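> As a plain string of letters, each chain reads:
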Amino acid sequence: MALASTTTLALSILFLLPFLSSATVEEEFHEELLLKPLPDRKVLAHFHFQTEAPVAEDSFARHHHLFPKSISQLVKKFHIKAMELSFTQGRWNYERWGGLDPISSQNAKPPGVELWAVFDVPQHQVDAFWKNLTHSLSGLFCASINFLESSSSYSAPKWASQSALGSLRYGTLPREAVCTENLTPWLKLLPCRDKAGLSALMDRPSIYRSFYHSQRLHLKASMAPADGLDSGIILEQTLTVVQQPNIQKTDLSFSNEFKIQPSWSLSSIFGRKVNGRCVLAKSSNVYLQVERDLVAQLEKLQKKTATYADNDTGIDVLRGDLGFEVSITPDRVHRELEKSSSILYEYSIKEYNDTEQFDLGLTWKYPVVWSCPLAPLYASRFLIGSGNERGSIAISLKSTELTKGFIVANNVEEKCKLQVNVLQIVPWYIKVYYHTLQLLVDGKPQAATDFIERMSVSPSEDKVSTGVMELVLRFPCEIKSAILNIEFDKGFLHIDEYPPDANQGFDIPSAIISFPDFHAGLQFSDDSISKSPMMSKLQEKSPVLSYTEVLLVPLTTPDFSMPYNVITITCTVFALYFGSLLNVLRRRVGEEERLLKANKAPFLQQVINKLSSRFRGGLSESTQPKQPSSSFITPKLIIKIILVAGLAVVWQFYLK
Amino acid sequence: MAESETVTATKPRVRRFVRFGIFLISHSNYVSFIGFVSGIVALLLLPILAKNTYISENALMPGSANNMLSTQHVFHATEFVNDLTGSVSESHKIIAQYMSALEAEVTYHKFHPQLNQFSPLHFFTSPDSGIVSKNISCSSLGINIAGIIRAPRGDGKESIVLVTPYNPRRVGPGEALSLGIAYSVFSLLSRVTWLAKDVIWLVADSQYGEYSAVSAWLREYQAPAFREVDIDNSETCNAINELGQNPSSDRKLYSGFRRAGTMAAALVIKVAEQGNRHEDILNIYPEASNGQMPNLDLINIVNYLGVHKRGLRVKVNKMLSLFGSRWLNTLGGILESLGQIARSLNPQWKFGISATEYVEGAATLASSLYLQGLGVPTGPHGAFRDYQVDAITLEISPKVSPDKMISRSPNEFILRGGRLIEGVVRSINNLLEKFHQSFFLYLLTSSSKFVSVGVYMIPFALLVAPLPIVAGSLYAEASKSTPSSEVVVKHNSWKWLNSARKVLAIHLWGAVVSLLPYFLYQIPNSTPTTNFTVWGFLSALSLLILYFVLGSPIFESPTSQPEKDEWASLKSVTIATTFIGLSLMSVINFATAEIGALLIVPICLIARPLKLDIQSRSFRTLTRATCNLALGLIVFPPAAFFLVKGAFEDFYGINVGDYWNWVESLWTWNSATYLYVGIVHLPCWALCMHILFHPC
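Quick mapping for you: the protein sequence lines, in order, are chains A and B. So in my numbering, spot 99 of the first sequence is number 101, and the numbers just go up one at a time. So in my numbering, spot 611 of the second sequence is number 689, and the numbers just go up one at a time.
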């Protein structure tokens with residue numbers, strides 16, 4: 003039986019082989035790690051795992067060798083064209099860790115969960131597919147992604163992706179806490195999990211101790227069997243971690259001088275070493291990137307210290323004699339094309355095994371100060387106003403060094419313009435008045451229409467949909483600062499719509515600021531390097547993207563601990579109701595009518611008389627204070643009170 | 079039942095509730111006496127009824143973590159203090175350098191000191207964003223320095239603010255020490271991993287007042303005007319502009335104003351300039367403008383950590399003059415013995431407190447009432463409350479004077495203070511939601527005892543309750559005395575309208591009087607005394623004008639013959655409006671309403687034309703007349719001010735100009751007490767005077 007099955011399998015493979023080869027050849031897995039020292043004494047580690055699988059008509063039913071089946075089923079079931087899910091903790095520091103390089107614009111994500119997906123289905127089905135997808139993902143990744151199901155928590159931005167007009171959905175959960183329960187299912191998608199290869203470095207405590215970590219899952223499916231060429235699914239899993247090497251309590255240097263950068267090694271960052279590659283991986287490489295500015299600074303320093311000693315720079319670079327020392331000689335060194343270029347050291351970990359472990363270390367020789375390339379405009383967002391009624395959101399854009407460089411570069415042109423795209427999504431309880439959009443350029447209020455090229459606003463609908471504002475702005479390049487200010491009123495939620503810990507306030511998700519004129523991408527000449535999926539990703543010309551801060555808006559919250567008051571009020575209402583009801587039932591109408599007849603007066607007059615006499619009677623009583631007191635405080639009443647008081651005293655002292 | 083019904087059916091049946099009301103109105107004299115006396119008794123009982131504070135929010139967990147502030151931090155802080163006291167001229171630079179060495183984001187905030195301006199429609203409105211007068215030179219710019227530590231793994235939505243005011247022109251030893259304490263905590267927080275909220279350390283330039291510096295920074299933080307001030311670019315300011323650059327290596331960094339999320343709480347740290355020779359004392363100042371208080375939990379944490387962890391003596395403001403008063407001590411003794419008797423009856427009754435405790439509680443309560451009623455913040459923390467941020471000022475008064483301490487070694491003191499602040503910050507850092515769990519409306523009777531709103535409402539309610547009853551009884555009397563006929567009823571209503579018109583006119587006069595200082599303020603070079611006299615004169619003049627205008631035949635009622643009991647209707651309307659005014663004020667600032675009720679209610683209740691009293695010539699009426707006269711003198715606002723001031727502070731060296739100064743301070747702080755005095759208290763007093771001297 004087994005034999006028969008294997009033969010049929012072999013036969014089928016034989017049959018299928020021509021089709022398969024015409025599509026993608028076979029399933030592939032790559033694992034890579036990029037390490038980069040950061041200016042503020044921290045180290046960036048960027049893991050990149052890529053799994054590719056070919057797609058045939060019936061391939062979803064089949065077993066995959068490397069590709070995770072759950073993902074392929076997801077793609078098949080929900081007709082996903084592209085999808086990205088990220089779990090992030092901490093904030094990416096755009097000033098110190100850079101805002102222009104591909105890692106920051108592709109992998110720096112807002113805190114919490116961010117999910118976007120493009121579906122390959124007709125427009126009217128997209129929402130339904132999105133809802134199902136959120137539930138599946140929340141099951142798959144042990145996260146509350148299912149909260150993105152309700153239409154008031156996701157949105158459909160129009161211009162975020164030109165190719166997928168109308169079929170893109172985007173949602174964020176800024177408050178989602180990210181922890182190891184989210185990482186484990188993510189690791190399960192890897193063929194070697196975290197048992198072998200680079201993923202073995204992922205020591206949970208050291209990852210969650212980091213200053214920033216973002217785990218991302220990017221899915222791209224191209225279902226175009228007509229082309230025959232690129233049809234397949236590409237699953238890209240990245241983990242970006244920013245860590246401080248050796249945080250020691252004794253390392254409290256308060257001196258004001260330039261500090262030497264801490265030296266580090268893989269084992270000191272992660273507490274583990276690489277025991278060899280994942281055998282299923284087609285390539286497993288480790289890269290060490292030295293940034294442009296760092297290289298420039300180091301070269302400057304070197305010129306200062308050793309002007310007369312003419313070293314061969316080629317050997318110099320290879321040996322790592324650039325102001326720092328690398329513990330292992332790199333297999334290859336790549337330099338960027340441009341003049342001030344970054345250097346990339348490449349290590350292949352194919353030869354390493356349990357006995358000879360890979361533990362890349364970097365030792366600094368002298369202190370260097372450098373900075374990362376910043377995004378053209380530094381974006382920050384804040385709230386204005388206080389109280390529970392209204393406020394405004396302000397997005398401030400400030401020019402950085404790069405903009406100045408941009409001006410110089412584009413000086414030839416008559417009018418240099420800088421395009422900025424802003425996408426701001428606001429939950430419905432923040433009622434934004436879009437007509438109040440105010441634009442201040444260089445501290446002066448300007449007509450917004452002068453700078454806004456395009457604008458798309460879809461106002462929020464109460465409890466139904468979020469408000470989306472997309473702006474395409476064009477500023478002159480010599481701009482110093484710009485502030486976008488938009489006012490809002492705070493809405494009221496129904497009592498059961500409040501989330502737990504409602505008194506903390508409510509989040510406004512990050513705004514996305516992108517600069518389409520700028521491209522984050524490294525340029526290497528080597529063809530060999532572009533074979534590596536991570537490097538090809540880094541060389542991709544993608545627009546520079548940055549996220550602003552998440553904002554916290556305090557809303558009016560009811561006192562949730564007031565059931566007592568509610569009970570009291572309810573009881574009062576009940577008492578009044580039943581009291582009056584009983585009164586009505588008990589009353590003898592016939593008797594009253596007889597009395598009326600006896601008085602022989604018309605009914606209205608009677609009532610008026612009664613009322614006036616009651617009023618006057620009340621006043622007349624005040625003339626003779628003795629009489630009402632005798633009517634009110636009767637001896638009977640006093641006896642009653644004394645009796646009750648006596649009972650109370652007896653109860654208090656003797657019966658208790 | 080049927081029998082009784084037939085009995086009552088013959089005469090109009092009156093509901094029990096109405097009957098009770100009528101009973102009260104008919105006995106208004108007794109009711110008002112009982113109400114007033116019981117109100118005062120209840121007020122005096124408040125120290126006994128005070129409850130112990132407890133930490134209401136579970137997330138706070140004060141003191142559950144071990145202190146991490148080590149001697150090394152303190153050592154560096156001492157270094158910082160020495161550097162700071164060593165070179166005064168470059169204190170800005172030194173502070174910024176030390177901050178940026180901790181990898182904090184440092185920004186300078188330049189501000190113009192705001193002049194004290196009285197804008198009549200400024201009460202209750204949110205702080206305005208910058209009325210900057212144009213002709214301020216560069217030298218008068220203040221510079222705040224703010225350092226921000228970002229929480230390593232936090233999402234940056236919330237922040238905690240530490241404020242240390244200091245004067246860069248002359249850094250006092252106490253200020254230097256407070257900076258040292260803040261620095262030690264800041265240096266610890268820059269390294270810790272547990273931080274969930276960003277920490278802002280604001281070094282406020284207090285050369286133009288602590289409050290104005292902090293409020294200028296807050297205005298920029300919460301409600302920026304987005305205007306580049308032109309002065310910044312002028313040449314004379316270069317020296318200051320240089321400061322604006324980032325001091326150390328990160329020159330590329332963005333040097334604008336930085337923010338860090340919604341503020342969860344703010345702590346103002348101060349060290350008293352004089353030592354007190356006994357022990358280290360921690361003074362807490364919680365009162366913000368218009369009697370707003372921070373959440374009680376914030377005081378609780380500080381008190382808990384100060385007392386139980388750091389062994390400090392925690393104090394809140396007290397009326398020291400009350401300690402010597404004999405009657406309070408006797409009262410304390412009586413209450414103590416009463417408590418003992420009660421305990422002997424039933425050991426479960428524990429309402430008695432010792433006499434000394436009672437006196438102390440009463441003194442603290444009085445000061446709490448006074449400071450809240452004044453409506454003037456007791457420190458720079460008041461600026462935070464304007465933006466709904468809970469804040470308190472902590473003033474540590476050391477045993478040894480700071481001057482001596484710096485020359486010797488302040489290490490131990492900084493360690494103690496730093497650990498306290500660290501504990502508080504850590505506790506607030508634990509907070510998931512904003513402060514909402516505990517009380518916002520309370521009076522303190524000691525740092526660990528409070529009277530909540532439910533209890534302190536009672537004395538006020540008892541004080542105020544007789545007012546509508548007396549008004550009702552007066553109305554009833556007046557309408558009873560007139561025989562009921564068609565013409566007289568019409569006439570009657572005219573009478574009411576007349577007195578209502580009078581009361582309204584007097585209240586309008588009150589509003590005019592309270593607006594007068596705005597115009598007086600335009601007079602250049604005036605001393606408080608002249609201002610006060612001019613104000614008084616103008617007020618009297620306007621009253622006279624009003625009197626003549628009202629007396630003119632156009633405004634007189636058609637039946638212009640003098641009414642015998644006109645005063646009664648006038649009094650009834652006066653009392654009714656006073657009642658409304660007091661009730662409204664109790665919502666805005668309870669303490670003001672309470673003190674105001676204590677002053678104004680007695681004269682409202684017993685005011686009666688002197689002529690009538692003197693005519694009848696009995697002992698009772700004569701005492702009433704003298705009482706009226708004395709009360710009329712006391713209740714006159716300046717007189718009341720001097721009395722209250724004398725009672726709570728000291729009679730020594732009181733000047734006529736003081737009243738003007740006091741009033742000035744009230745309107746610069748936008749205190750609603752000023753409005754109360756002008757629009758409720760003064761007209762009520764004038765009307766009572768009118769009633770006293772009414773020609774019946």
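These are calculated hints, taken from the structure and not from any lab test. Hints are not guaranteed to be accurate.
[As the list claims (entries may be wrong)] According to the in silico footprint, chain A covers these stretches of chain B (three or more CB under 8 Å from chain A): (1) 223-234; (2) 296-302; (3) 507-515.
[Stated by the list, open to error] Beta-carbon label-pair distances, calculated as ranges: (4) A:LEU578 - B:TRP427: 33 to 41 Å; (5) B:THR408 - A:LEU649: 30 to 38 Å; (6) A:LEU649 - B:ASN144: 50 to 58 Å; (7) A:LEU645 - B:THR408: 34 to 42 Å.
No experiment lies behind these values; they were computed from the predicted model shown. Positions of the beta carbon are idealized from the N, C-alpha and C atoms, including for glycine.
> Tell me the numbers of any earlier hints that the structure contravenes, in ascending order.
none
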